[in-house]
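Chains as they are written, first to last, in the working numbering: chain A, 1 to 81; chain B, 1 to 759; chain C, 1 to 158.
These are calculated hints, taken from the structure and not from any lab test.
Only a predicted model underlies this, so the values are computations on that prediction, with no experimental measurement involved.
No residue lacks a Cβ here, since even glycine has one placed at the ideal position from N, Cα and C.
Keep in mind that a hint or two might mislead.
To spell it out: a stretch of chain A is covered by chain B in this simulated footprint if at least three of its residues, at any positions, have a beta carbon under 8 Å from a beta carbon of chain B; those stretches are [unchecked claim]:
id: 1; segment: 6-12
id: 2; segment: 53-60
id: 3; segment: 67-81
Read off the chains here:
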Amino acid sequence: MAHVVLIGNLRQYTGDVTALDVDAATIRQLFRKLGEKFPELAPHLEEGLAVAIDGQIYQDALLEPIGPESEVHILPQIAGG
Amino acid sequence: MQERVKKPQFDVVGTRPVRPDGVDKVTGRAKYGADLKMAGQLVGKVLRSPHAHARIKSIDVSKALALPGVKAIVTRDDFADQASEFVPAGEMLINYRDVVRNILAREKVLYEGHAIAAVAAISEKAAIAALDAIKVDYEVLPHVIDEIEAMKADAPLLQEDMITQGVTPAPTKASNVAKRVEFTLGDTAKGFAEADVIIEREFKTKAVHQGYIEPHACLASVSEDGSADLWTTTQGHWVKRAHCAKLLGWDVTKIRVTSSEIGGGFGGKTVIYLEPLALALSKKAHRPVKMVMSREEVFKSTGPTSGGTVRVKMGAKKDGRITAAEGEIILQAGAFQGSPVQPACMCAFANYDLENVKVIGFDVVSNRPKVAAYRAPGGPISTYGVESVVDELAEQLGIDPIDLRLKNAAKEGTKAAYGPKFGPVGLVECLEAAKESDHWKAPLGPNQGRGIAAGFWFNIGGETTVSLQLNEDGTLTLMAGTPDIGGLRASLCMMAAEELKVDVHKIRPIIADTSSLGYNFLTGGSRSAFSSGMATVEAARSIVKQACQRAAKLWEIPEEAVTWEDGEVRPAGENAGKHKPMTLSDIGKIAGKTGGAIVGYAAISAQGAAPSFGVHIADTEVDPGTGKVTVTRYTAIQDAGRAIHPSYVEGQFQGGAVQGIGWALNEEYIYGPDGKLQNAGFLDYRVPVASDLPMIDTIIVEVPNPRHPYGVRGIGETPIVPPMAAIGASVRRASGVRFFELPMSPPKVLKAMKAAGKA
Amino acid sequence: MAKHHVTTTVNGDPVEYLCESEQTLLDCLRDELDLVGAKEGCSSGDCGACSVLLDGRLVCSCLVLGVEAEGRSVETIEGMAQGDELHPLQRKFLEHAALQCGICTPGILVAAKALLAKNPDPTETQVRYWLAGNLCRCTGYDKIVRAVMDAAAEMRGA
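Next up, chain A with everything else stripped away, as it sits in the complex:
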């Protein structure tokens, strides 16, 4: 099970849950499972988020694998000027 931490304002959609364990092999699976668990969060998972897997930030990478013991952070997408 990957250990998942929700950063920033996402807790508003999860009833203040900010950390949980999820069994997911890819970012896409992770988003699907989080969306099922927290329906209010689901629309916010579609755009504008980044996922850090063991510290490495991924953006627009739905097929990126997640290891069984990975630490995963979900945070706002980052861009720049």
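Place chains B and C on chain A using the hints.
Chains B and C in isolation, oriented as in the chain A frame:
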């Protein structure tokens, strides 16, 4: 210039060849946004609001349309309204409902300079006459400019239905506060209880403009079948294509966008302003339409970055260990929501390894132009406050400001205040380089002081496509899709040359148009050398693989029996020495007769971008008679991961530092009580000039990014993050006064020095 | 109103153009003669991107009327290289990487050429003050100043 570049293990990477687009740029041949002309082109001009806030009761274009030489006019009626829908673009999510209102006002004008109508006419004179003949009936409304005023309950409302997001329970009343964000780690109350010293300060920064020297410009030509060519100065032509297609309701494939040479962007050319207007006008007029902004329009109607209010509270033990940090960051979004408050919050304490952090941010609309990304959007504002407080902590604790930072510096494995753990990062190495530098040890003169500050930016990757063609004479053509603003093509050719072991000048690069290459996200987030470099390397390796396959076929030996060494395809194993090795040039020459051209193509979503930390040292001299601050010496130190072309890496450090010096000392948007911008020109909005500055020394630190084939980190944005706090700390030591507001312009400095009895 | 007929010399070539009274020399160079090397950054004489030489004197061509070029000699960036031979300033700008986006480069090169014609051995401070009318937002001026000093040294044979 000092360099901490280890002896390069490379032939090309780390050298300083002349850039491939250089000669065109020193001879005046390079074509920028306003430099293209098409037969029969019309002149497009925009009518803009004279009011900071007004309801549009009616727009009557009939008289203007009837004028001789006027070929088309577009207003709000020519663009369908858009649903509220957030999509990622550049620095933050954008909402097309807002974008369609920003390109042409609908119900209200929300800032002075807000576009209302656009005309196309046979001459500039005819276009201006048409603008004068458009009748707009306004109901002028009260306005609000300052972000703190705009947050008040009785402030004039810009959007009557704006309910603050991020607050539970959701407010029932509309306000100008678009969003509240919060990032927390640990328990700050516990951390402050452990502190021996606590410092709490409030800082103010002003809106500042990116200040690219080239105004926005484009040329659109729409044919009768609806296919369109758009030439524009932009940081991302695929992104602009998407925005234009969305707003016009056209198919993406109908719009072919070519990016001109770009005369500076710094984030400000990630946004659409003129392009959809020029396309709509050209479609109506059946002729090409060229639109070029004036400098006044650039200042009044295009994105500056936010000004804001930053409150910082930090506590530390006597030994310098920071125990808790809190920040509150209130940023101007301009007329529509979407300030860089989120990255500002995430950057605020990123320099440090902290257990207890809490940052709250507010995104506030007011009657100003909508902000656009500006180099490390949000980072410089929050970092100015935080690094200034760190300097004050050092002062109060009697600890050297470098040592205090070293004690708390983020390093590999540090959990960032925004969540994830850092991989290998170079802040400690930058601080050590600062400590060892000649600059840090040099003596100071009277009325002089020295300050130091650190800065951080995330950096990104993203969608990137590169094509690399081996030509029939063995030369190569490289097609990339991220506009080159400061030497990108040179870096990409160097990475390809390193891979292929060819002379870098045998590779000719172009920035391809949107119909010639797969999708490319824009040049922003310090991504282009990283992402397009990664794709270039992949494309080059594909060429090597194909070359080996081709040689194996020619030699009639298995593919596995061929190796690539020292720029040659060689037979290996039992076949070694049996065939004459072939260079890429040899293979290029016979490719056409042995199966067709060899093209390397890489379409990737680049992942693995790594943050870049930097440390700046500033010396200033403060004139006690006038309050004028002069920067007397400056050193920018930063982790580049790997400097492909060190001159252009240094150039990014120097340019970012000087933009930060301008932000610290001179630049600001000044509004009158009428809500109008009072300094919409380079005379009164004073960017640094050559005589304001010393040489900007650089030290390139290289802690390679393990996720890039050459170790590249993005480096373009971090250099604008440290300067304001570094200069503030320096002015503090030079003048004896600590400042909490930017810019530190002579009248303010003199006033503060007099009040403190120092002048 | 009828246009004015202007006869002038640009980069050594005799040229003629028609212009309106209010058209600037910059407009005439760019729109009538298709010499787009001089750039319009502000049209108020503050940025120097439109710098040209008028009878050898450095001017912002956005502050000169097109009709004022009558009978005079205009030198623009397009006339700086001699055939295949870049001017030493152009070469040094490339060697020193003294440009990033390049939009200010034509104006700065023309201005620097005017400086070296007056003062072949300028100090760093003299270079900085001479170029204070030419804005560059990318480079922080460091490499520009170095390139000008280096070109001056080469031209002096130093």
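Results for each hint:
Counting residues of the segment 6-12 of chain A whose CB lies closer than 8 Å to any CB of chain B gives 4, so the stated coverage by that chain holds, three being the minimum. Counting residues of the segment 53-60 of chain A whose CB lies closer than 8 Å to any CB of chain B gives 7, so the stated coverage by that chain holds, three being the minimum. Coverage of the segment 67-81 of chain A by chain B holds in this model, with 9 residues showing a Cβ closer than 8 Å to a Cβ of that chain against a need of three.
When held up to the earlier numbered hints, the structure conflicts with none and fits them all.
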